[in-house]
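First to last, the protein sequences are chains A and B.
Residue numbering for the first sequence follows our numbering, beginning at 121 and increasing consecutively.
Residue numbering for the second sequence follows our numbering, beginning at 146 and increasing consecutively.
Possibly wrong hints are sitting among the right ones.
What the hints assert, rightly or not - Rough simulated footprint, nothing fancy, chain B against chain A, three-plus residues with beta-carbon under 8 angstroms:
id, segment
1, 167-175
2, 225-234
Claimed, not checked - Some chain B residues flagged as far from chain A (calculated, every beta-carbon gap over 12 angstroms):
id, residue
3, Q147
4, I165
5, T171
6, S173
7, L179
8, E187
9, F210
10, Q226
11, D229
Source of the hints: derived by calculation from the structure; they are not laboratory data.
Positions of the beta carbon are idealized from the N, C-alpha and C atoms, including for glycine.
Okay, here's what each chain looks like letter by letter:
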Amino acid sequence: DARVTQTPRHKVTEMGQEVTMRCQPILGHNTVFWYRQTMMQGLELLAYFRNRAPLDDSGMPKDRFSAEMPDATLATLKIQPSEPRDSAVYFCASGLGTASNQPQHFGDGTRLSIL
Amino acid sequence: DQQVKQNSPSLSVQEGRISILNCDYTNSMFDYFLWYKKYPAEGPTFLISISSIKDKNEDGRFTVFLNKSAKHLSLHIVPSQPGDSAVYFCAAFDSGTYKYIFGTGTRLKVLA
C-alpha cells in the first residue's frame, strides 16, 4: 500500500535552530502540499508544488520558511530561524493532480516543538 | 478569513445512531468538496467527496449532502460505530488555484 513518508516524526529543538522536514511523496504523484495543523486554524496550507514547480507559497512566512523539491521523490520544508510559535504538526500530502476530485494522500506528520 | 468553517468543535453520538457533521463555505467557486478522517498521531485519510454539480453522494454508511444555495454541506454516518471516533475535516477544492482549503475539524466521539 503506497504511502507518503515524512521524517522525522518528532522534532524538539531550541529557538533559533534550523529545522528541516522531509517528505517522500507517493511514486507517480505530481503534486505535493505542505500543511500545518494548529488548534485555532485547523489545517493551513503553507505551500504546494506541481511537477516539482512551486505553485503557491503564500501561506508561508517567507522570511523564515522555505519549501523545495530537489527531485520528484523528495520535498523539504525548512524553518530558519525557528521560533516557539512554529510549534505544530506539519503534514505533507501528495496527489495525482490530473483531476480536480483526486483526493490527496497525507503522511503521518512531523510534530515540531520549539523550546 | 476562514473560507471553510466547521462551527462544531466536537460531537458525541450513541453507537448505532446517526452522526451529522456540518460544514459551511463562503467561496462559490469551489467545485469539489471532500471529507477526511483523522486519528491521533496519523495523517488525515480521504473519506468521501462530492462535486459541486451534485447534491448527494453515498458510500456505504457515509453520505455527503451539498446545498449550494446555502453554501453548506454535511456528512451523515449511519449507523455510527465506535471506530468512527476521530476528527473529521471538511475541505473545499478550487480548480482555478488548485488549492484545497480545510476547515478546523470536528471531533466525533461515538459512545458504545
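- Which numbered hints fail: Of the numbered hints given earlier, those the structure breaks are 3, 7, 8, listed in rising order.
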